[in-house]
Each structure stands twice: as C-alpha cells, then as structure tokens.
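Protein chains in written order, with our numbering: chain A, 1 to 182; chain B, 1 to 289.
Fair warning: there could be bad hints in the mix.
[Stated by the list, open to error] Here are the simulated DSSO-like pairs of lysine-lysine, each with C-alpha atoms no more than 27 Å apart in a straight line:
#, chain 1, residue 1, chain 2, residue 2
1, A, Lys-151, B, Lys-246
2, B, Lys-246, A, Lys-171
3, B, Lys-246, A, Lys-168
4, A, Lys-121, A, Lys-139
5, A, Lys-103, B, Lys-143
6, B, Lys-96, A, Lys-19
7, B, Lys-99, A, Lys-179
8, A, Lys-139, A, Lys-102
9, B, Lys-67, A, Lys-179
10, A, Lys-158, B, Lys-99
11, B, Lys-67, A, Lys-172
Worth flagging that the hints you see were computed from the coordinates, not collected in a lab.
Below are the chains, spelled out letter by letter.
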Amino acid sequence: MAIVISKDKKEAGLLNTVKEISGIDISSCLQCKKCTNGCPMISLAKVTPSEIIRRLQLSIGDSILNSDLIWMCASCEICFSRCPMHIDMSAVMDALRMISVKKNAAKQKGNIPLFNKWFLKTVRAFGRTYDLGMIAAYKAGTSSYFQDAEKVPVMLKKGKIALLPSLKADKKYIKRIFKIRK
Amino acid sequence: MKYAYYPGCSAESTARDQYMSVQEVSKALNIELVEPNGWTCCGSTPAHHTDKLLSIALPAANLLMAKKMGLDMVVFCAACYNRMKVANHEIRINPKMRKEIAAILREDYDGSVKVHHFVELLIKDVGVKKLQEAFSHSLDGLKVASYYGCLLVRPHEVTDFDDPENPTIMDSLITIMGGESIDWPSKVECCGGGFALTRTDIVIELSNSILGMAKAAGAQCIAVACPMCQVNLDLRQIDINRTISKVYNIPIVYITQLIGLCLGISPEKLGMDKSVVSPKQIIEAVKSN
C-alpha cells in the first residue's frame with residue numbers, strides 16, 4: 001500500500017473523533033497485520049484493516065471514510081481477538097461508520113445505513129424487529145425488489161418468516177431508550 | 001432448573017424452528033424457561049453501527065427484567081447473546097456507562113445477570129450423564145460439522161464461550177448423541193451475518209467457502225447455534241447454485257433439532273419442515289437405541 005500525505009493536509013481531527021466515540025487508542029498498533037490476515041472481507045475489499053489503522057495514525061484526513069471496508073466489515077471480531085496489542089478494531093469500525101453517516105460520506109454498495117435506519121424504526125415502533133416491514137422499506141429505498149422476490153412467498157408458506165409484526169413487547173423501556181435519539 | 005429465557009426477535013420470524021426446538025428440548029429435559037414479560041429487541045448490529053449508548057441500553061433493558069426475576073438469562077441467538085454479554089461487560093467496567101444507562105432506563109442495572117447460551121447450559125447444568133440417559137435415539141455415526149460462527153466465541157474476554165479458535169462444546173454434544181463430529185477448518189469463520197439483505201454477494205461468497213469446507217471434510221449436515229448462520233447457510237444454497245453453479249444440498253440444522261430427534265421428539269415439533277434444504281436424510285439416519 002502507498003499512502004500519500006501532503007504536508008498541509010495533515011489533520012488529527014478524525015483520529016481524535018474515533019477515539020472519543022470508541023474509547024480505543026490505536027497508537028500501540030505494530031502493523032503486524034494479524035487483523036488483515038484474518039479478515040474474511042480481505043479478498044473482496046479494496047483496503048485492509050491494518051491500512052485503515054495506519055491511515056488514521058498518519059492523520060491523512062476524511063478520505064478514509066470513503067473506504068469500502070467500513071461498510072463491508074461484518075463485526076466478526078477476528079481482528080480484535082487476534083490483535084497482540086488488544087486494539088478493538090470492531091469498535092474503531094463502528095466509530096468510522098457513525099462518523100461517515102454524520103459527514104454524509106460517499107454511499108457504499110448495499111446502502112447499509114438505510115437498512116440500519118429501517119431496522120431501528122421497526123424496533124422503535126414495535127419494540128421488536130419486523131422483518132417483512134423492514135425488508136419492504138429497504139427494498140423500496142434501494143429499488144431492489146427483484147432480488148430474493150421469489151423467496152419470500154416460500155418462506156411465508158413454510159412459516160420461516162412472520163407475516164405480521166409481534167405486538168407482545170412492553171415498550172416502557174423502548175420509549176425511554178429512543179428518547180436519546182431525535 | 002429455572003432460567004429467564006430471551007428468545008430474540010428472530011424466534012418469532014425466521015428462526016421459529018429454533019424457538020420450537022429449544023422449547024421441546026427444554027420440556028423433555030425439565031428445564032424451565034420463563035420469558036421476561038414483554039422482552040424487547042437487543043438492537044443487534046444496526047444499534048452498534050449507529051450509537052454506542054443505544055447498543056448497550058437495548059440489551060440492558062432486558063437484563064434488568066431478568067434481574068428483577070432473580071434468574072440467570074439463557075439466550076439461543078448468538079447475536080443477542082453477544083449483545084447481552086457486551087452490555088454486561090461495558091456496564092461493569094465503565095461506571096460512566098452504568099450511570100448513563102441508569103439515567104435512560106430510570107433504574108440502575110449493575111451488569112450482574114449471568115448470561116448463558118443454551119448449549120452451555122446443556123453441557124454445564126444438565127450434564128453429559130443426564131443427557132445420555134435421556135437419549136432414546138442416536139445419530140448412528142452421522143457425520144456432523146459443528147459450526148460456531150463469530151458471535152459466540154468472539155471477543156473471548158467478553159463472551160467467555162469455550163476456546164475462541166477451536167471450540168468443542170457442540171462437537172462434544174454431537175459425540176454424546178452418537179454422531180461423528182468431523183474435524184474441519186471453518187468452525188469459527190464468518191458467514192456474512194447481518195448482510196443477508198444488504199450485501200447478499202458477500203454472504204454468498206463466505207457461505208460458499210464454509211459449505212465447501214464442510215463438504216470436503218465429508219459432512220452430511222452442518223449443526224448451528226445461531227439463527228443468522230442457519231438462514232445464510234441454508235437459504236443461500238439456492239443462490240450459490242444459481243450464481244456459482246455449485247450444488248451442496250447440505251442440511252443446516254439447529255443443534256437443538258438434532259438433540260430433539262435423539263430425545264425421540266417428532267421432526268414436525270422441532271420445526272424441521274421449515275428449512276430450504278430438506279433435512280430428510282438426517283431424520284432417516286436417526287436410529288432408536
């Protein structure tokens with residue numbers, strides 16, 4: 001990997017924000033690349049976990065937020081569990097995702113922020129997730145109705161997906177919890 | 001044995017079969033499972049993607065319900081299990097987090113409710129001897145690949161579930177049932193988890209690799225302990241067939257479905273008619289002792 005840094009572009013803002021959100025100090029990273037070697041996405045993504053850490057350390061700015069790996073990371077935690085310096089890379093990735101949504105970084109394949117939004121909306125509304133509602137809303141937002149369309153009727157018939165949302169949740173705590181989000 | 005049981009949202013939808021098999025197995029083994037009244041979603045991946053406080057508060061609300069019941073919490077879904085464990089861990093090590101959660105829930109929760117996965121409970125609390133006595137049927141040498149995935153075993157310091165690189169708890173259950181637990185390298189690999197809908201391409205790629213390894217090792221089925229793993233590995237065999245032209249036809253069963261069969265429970269009661277790849281060959285392989 002070649003990381004180009006222009007002198008006047010150096011900014012520690014992103015590194016500080018990541019630390020603030022995640023509570024993780026990445027300064028001890030040795031670049032041993034155990035995270036990268038274990039990452040299941042590595043053959044599919046354009047950047048590696050160790051490269052993201054290095055770029056953060058070098059404070060090269062917000063361009064990291066456009067890395068495809070940020071939204072390809074499945075939080076499988078292989079990186080964290082094998083890190084000799086005990087850096088919680090999954091928490092770093094969570095922070096990068098939050099910042100990229102806030103800063104409106106380039107949309108990545110799959111539009112996962114949209115999925116997350118609808119997932120949490122169903123939780124807020126019903127106290128539990130509602131798969132079909134969430135799937136319909138996400139598919140409308142991404143114009144991907146066609147994909148998997150043939151599977152839903154089969155799953156419904158087999159009772160492998162619920163037709164209606166569950167109404168059994170007690171929303172006392174849910175109401176209190178979602179007050180923290182506007 | 002009495003526990004607070006958190007089924008998780010998928011138990012009412014895509015993992016109805018898991019819920020049914022856990023209920024049937026518990027009944028047969030005299031394990032009393034009590035659901036916290038009105039339990040709510042753990043927030044799963046979308047919550048920790050979005051807001052750390054939200055991702056701790058959602059599972060904490062359910063743990064608080066279990067605390068009031070005075071019971072340990074039992075979970076089957078690996079994602080819910082993981083989020084419950086993370087919430088306990090954060091609340092215990094971070095006094096500021098505990099305070100913030102208390103302010104949101106308007107009740108203090110100290111992170112003290114013990115969280116077990118259902119398979120841990122079977123080995124640790126029910127025990128090998130009692131299981132062996134209860135089994136009226138055997139897997140009769142059926143070759144089973146035990147698949148643990150990510151969220152049970154990682155991060156180890158939080159979940160404390162078996163060995164993080166080579167867990168054997170499900171393998172030992174397979175052996176007790178008279179099956180042959182196969183040695184294979186993909187036990188703790190990732191199936192793509194929550195990307196089922198958003199990045200199906202990733203799920204197909206990763207599931208293909210896992211299924212390929214299981215097949216090469218001679219597995220007749222894969223036993224899972226997570227609803228996301230079950231759906232990805234089962235449902236996506238259709239797409240793998242279509243896009244990569246590979247035919248696996250490997251049944252993906254919940255470990256509790258295999259246990260149920262060995263306890264003499266009917267496949268219908270265990271929800272074994274719900275998966276895409278038919279588990280018929282598994283059901284037929286089970287022999288009476």
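Results of checking the hints against the structure:
1. A:Lys-151 - B:Lys-246: At roughly 19 Å apart (the allowed maximum being 27 Å), Lys-246 (chain B) and Lys-151 (chain A) satisfy the hint.
2. B:Lys-246 - A:Lys-171: violated, 46 Å
3. B:Lys-246 - A:Lys-168: violated, 42 Å
4. A:Lys-121 - A:Lys-139: holds, 15 Å
5. A:Lys-103 - B:Lys-143: Roughly 51 Å separates the two Cα atoms, so the pair is violated.
6. B:Lys-96 - A:Lys-19: holds, 16 Å
7. B:Lys-99 - A:Lys-179: Measuring from Cα to Cα gives roughly 16 Å; hence the hint holds.
8. A:Lys-139 - A:Lys-102: holds, 23 Å
9. B:Lys-67 - A:Lys-179: holds, 23 Å
10. A:Lys-158 - B:Lys-99: violated, 45 Å
11. B:Lys-67 - A:Lys-172: holds, 16 Å
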